[in-house]
Amino acid sequence: MKALMKPFMKRGRGAKQCAPYLIRNLDADEIANNLIDTLPQKRSSITVTDLGVLVLLFVFWFMSESVLAGVVAGVVEGVVEGVVEGVVEGVDAGVEVSVEADSTERPYSSLWLRSIDAAEPETTDHEASAYAASTLETTISMTVSGPILRAKVRQKFRNTTQLWSEGIYTFPLPEQAAVDRLRMVVGERVIEGQIHEKQNAQRIYQKARNEGKKTSLLSHHRTNVFTTSVANISPGEEVIIEFEYQQLLDFKDDRYALRFPMVSTPQFTPPRMRLDPAFVAPHNNIRSDQEDPGNPVSITVDLKAGFPIETLTSTSHLVKKDKLSEAHYKVSLAGRAEVSNRDFVLSWKLKPSADPMVRVLREDVEGESYGLLMLMPPQLSEENGLERNERINRELILVLDVSGSMQGESIEQARSAMLKAISQLRSEDYFNIIYFNTRARQLFPQSRPAAVGNLNFARRSVLDQNADGGTDMRPALQMGLSAPGESERLRQVIFITDGAVSNEAELFSEIKMNLGDSRLFTIGIGSAPNSYFMRKAALAGRGTFTYVSQTKDVSHKINNLLRKLASPSLTDLGFDINDPSASVLPQPMPDLYLGEPIYVAFKSSHFPKYAELSGKLDGVPSSLRVSLQNPLRHDGVAVEWARRKISALQEAYRDVGVGVGVGSYSGSDMGSERDVDSGASFGSGTERALSSKERKQAIRNEIVDLAISHHQVSKFTSLLTVDIDSEASMRAGGLLKSHRIPANRPKGWVGTSSSASNGIRLAQTATDARYRLLMGCMFLLGGLLLWIGFHCVQGRTLCSRSC
Amino acid sequence: MLSFLLKMLMAVMIVCSAWQIGSAGKIYVKAWFAQQLLEHAWQRTQDGERNVRPWPWADTWPVSELVVPRLGIRQIVLSGDSGRVLAFGPGHTEASAVPGSSGMSVISGHRDTSFSFLKDIQDGDLIEVNTPADAFSYIVSERTVVDQRYFSLNTHINSQSEALHGNQAYEASLMLVTCYPFDALKAGGDERFLVLATR
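Those protein sequence lines, which keep their order, are chains A and B.
Read left to right, the first sequence gives residues 24 to 826 (the working numbering).
Read left to right, the second sequence gives residues 2 to 200 (the working numbering).
What the hints contain is simulated information worked out from the structure, not anything from laboratory work.
Glycine is no exception: its CB is placed at the ideal position from the N, C-alpha and C atoms.
Certain hints may be false.
What the hints assert, rightly or not - DSS-like cross-link-like pairs, simulated, lysine-lysine; straight-line CA separation at most 27 angstroms:
#1 Lys344(A) x Lys632(A)
#2 Lys716(A) x Lys639(A)
#3 Lys120(B) x Lys230(A)
#4 Lys236(A) x Lys120(B)
#5 Lys179(A) x Lys443(A)
#6 Lys327(A) x Lys343(A)
What the hints assert, rightly or not - Computed footprint of chain B on chain A, listed as stretches where at least three residues anywhere in the stretch have a Cβ under 8 angstroms from a Cβ of chain B:
#7 790-796
#8 799-808
Bound-form chain B, shown alone:
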């Protein structure tokens, strides 16, 4: 009887461990697997198709390609930045500017999958964004940590380009967003790490 209990205990331990490791693995595999499918979709996008869904039931599609040459990073950016989209790769906030156009483009990614490389980024790094039509390069000019509860993108980050607002639209810039601190265990923190890059 007691040996049965012990067996149960061990079984439970192993099941729980499998759960945890499995769901962690799921997150990584999803991100990895999706990038493979996205690769194909991106090729088709570059060939002139619009809104290519990487798998038939996807609610997102590749919009551009993000390259950081120094860190050897190349990722395909999806449209939208909902939790579901970000599980597959970095997402472009639809309300922000289209990369390359005037205004700020915002791309968000998970700190532990797609955007884990941001912790190594430095001021002056080159970031390239390739859209089907064109290629744009940005230089990292600023890195900041903000509390998202007290932060709204329109108001703060654009304040430096706000002077221009009287005349023109904002200057073209790129913002990469991920969670901070990088080594936090749990999701759901309020701090965000922002990387601002200008052309």
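Bound-form chain A, shown alone:
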């Protein structure tokens, strides 16, 4: 091999040494002087011998290269090309050929199924900032009315290129958002969006896109992630996409909380999932840390709480608050347009005296009555809840995510949350800690009592944790939920993570399968946790979800959670409005803990007068009759009911698939526990009769019908606008450039960024052939010119001498 490489190396060096001569000789006077001294008989020796040798050399080299190409391809090519490249560039500079030599050699590996954490050679990151294709500005105006929030989101796509373009933006929305309006604003005109079955919408969009018509599509990408696409934006044009969503606000610990996610933390997918054809790679189109963050967002909130507000704060952003009355505020971001790199959080507390225990909302749509009940069970109010059950025997398992996505602020928050939780343990508690990234490990082989020695050992181990590696939650969940423990104790598993996973469905079934009598509580950490996952995981685990946005909140939030865990809970809840045809959601109802209200949405042909609420308070049955007289008429109740119904059906749909997809157990087993009963027709009776495919199809049809009649975006429906009047011929078959607008890095997130996401990378599909051909011709031409010049000058010299 060495022998083969030798001639190339040698030639390379030779050429390099020649380069200085080359530059010097370009001086015109010098050339003339040289030529005058040259003798005529030496001329022939150059032509015949030297050229002959050179041609032979060239032919030999060319042949050897092409014939032996296969043999030496792998090893030699790299070396040779490196040398040649260097030479060519050196020569380039000397001759001042105006061809830009691009020194950025891209790796030839073209298919990358990369994990977020794998360090990949990134050669183009620094160029990315120069790549301003389409830009995007977002304006969000929210109106809060009691517990219901309605938001209008305006995304302004601007095409800054010289080509017609398609802008695609993927973004998260709150996990309980129901998207039901879409408008496209082109200049003066407003085109109202229509709801379509998703495939259908996609087809219409593609058709309009190819025909050159302006069109936009808003579709559900995965879980709480949505995508807007706008096709055929002409150069320099602006198109505004406006959509609306509604959301029911969380009420917990006497506070309403509004959270608007602005970025999603890049998600990790265990390797085995990636080749699964059913798997959709997450959109991790993230700007690198060298890039300036873009996508400015401005937010205004019109807050009509309905009752006097005591405190109003945002823990995430600096806000400007305008007080219009006791119960009415206008809130906006103090910095005009914020960079969308962390979630927006706003929370407010009502004055205690005004805070009602019961709130009933009603809306009538097309002959149907929809109701929404918010109720704070009196047994769970703080005064009588706390002391009585101080002595629940419990076993607390703390599970901490130490994967790469937690790097930075998140792991700091998580550490302090863990330390806080450890310090809150009572001496009669048992506890254990599980750390996980790609693997899961237990601190103790079995839970141990919270004695001083054990606690100190645990504290030290918490401080030693660093965030690194992938996120594979499955083993950790298995370990946490099904580890052998004290059978008489209530096992409470506290899961601290940013939820950056994308195999959610698999994890939910894991939780349902292993839960038993344990309870799973999730704590979301970081500036942009995947709260969809954590909320659903807590629901599946019959626990609650807590979101911690800032390190200073940790102590307070963990305190609340642990107090909740130590106090009684209301389980096996039932809600009856004495109408068999009514549809009540959620179904089944989650357990209630201290400081949490019940939210129930129902649909009935006539609005009920009262509701019967039953449940078990720490195992003791109790019931309560709630009057539903004098409901407050309010918009959006029907939307909320439909959203809950669609969400429940989507879960049922997912669960049918999981049994088949994962293959480790049958679908009907896990379905019976909680979620499948959401559609009355899919109860256990018919379940076995239908194949899973038919069941899926039936649920799918039900979702499509419901979503279309309520005009909502779902897994199977999308909102679409097509501008029929647009000048279709303008683009005239020209190319349309597709721009994916990259998202910002979550604040404090220091993981390895890649502008390209998981999934198949495109191959490197060009060679230098033309460039080399051009360069070759130029050298040849140069040589030829020199040759001619040489002849001419010598001819003249001879001539003048003879004369």
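Knowing the structure of chain A, use the given hints to seat chain B on it.
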């Protein structure tokens, strides 16, 4: 002395030119030469052999045959799409679907050798892919230019078939990938020209 320098200069010029033209020629000859060897390997593949290596040290083998009747193109597609494979001919991305099966098959080729014909392709053109077992035809439905830094195949192109994903696998489709613009001189650009063809 000065005439010697001049001779050196000319020699250097010619050597450099030989280099450049030679290495350009090498790229074309390699592609041409390989297709000849591949022809033989493809014949054997069609006769039922599996993973026939066209030359003993090859790390790739023919998997199918790509035909565009309108442009008179016929090429043998290799397995894999690494730089080494693409030097010999178009390559099939192994992580994508096998041609003919449900899902998207991705075939990449150099814009200046095997896939230079893509600049002439039009919507509605017929593309045939013949595997040893069967023959499939696709119709070109879309041509797009993307920036590969902001592009990942799973997520974007499949979005139209993603609706199906809930139920089934993706619809069968074919994607041809090459570099863009076609007349760029240097390799290493970020733009890709994509041709999507559906059955």
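Now the hints, each set against the structure:
1. Between Lys344(A) and Lys632(A) the CA atoms are separated by roughly 39 angstroms; this puts the pair beyond 27 angstroms, and the hint is violated.
2. Distance hint between Lys716(A) and Lys639(A) is unfulfilled; the C-alpha atoms sit about 38 angstroms from each other, more than 27 angstroms.
3. A threshold of 27 angstroms between alpha carbons decides the hint, and for Lys120(B) with Lys230(A) the separation of about 22 angstroms falls inside it, so the pair holds.
4. Restraint check: the Cα-Cα separation between Lys236(A) and Lys120(B) comes to about 24 angstroms, which is no more than 27 angstroms; the hinted pair holds.
5. The straight-line distance between the Cα atoms of Lys179(A) and Lys443(A) is roughly 44 angstroms, outside the 27 angstroms bound, and the hint therefore fails.
6. For the given pair, Lys327(A) sits about 16 angstroms from Lys343(A) by alpha-carbon distance, which is consistent with the 27 angstroms threshold.
7. As drawn, the stretch 790-796 of chain A meets chain B at 7 residues by the rule of a beta-carbon pair under 8 angstroms; at three or more, the given contact holds.
8. For the stretch 799-808 of chain A, the assignment as covered by chain B holds, since 7 residues bring a beta-carbon within under 8 angstroms of that chain's beta-carbons and 3 suffice.
In terms of the numbered hints stated before, the structure departs from hints 1, 2, 5, listed from lowest to highest.
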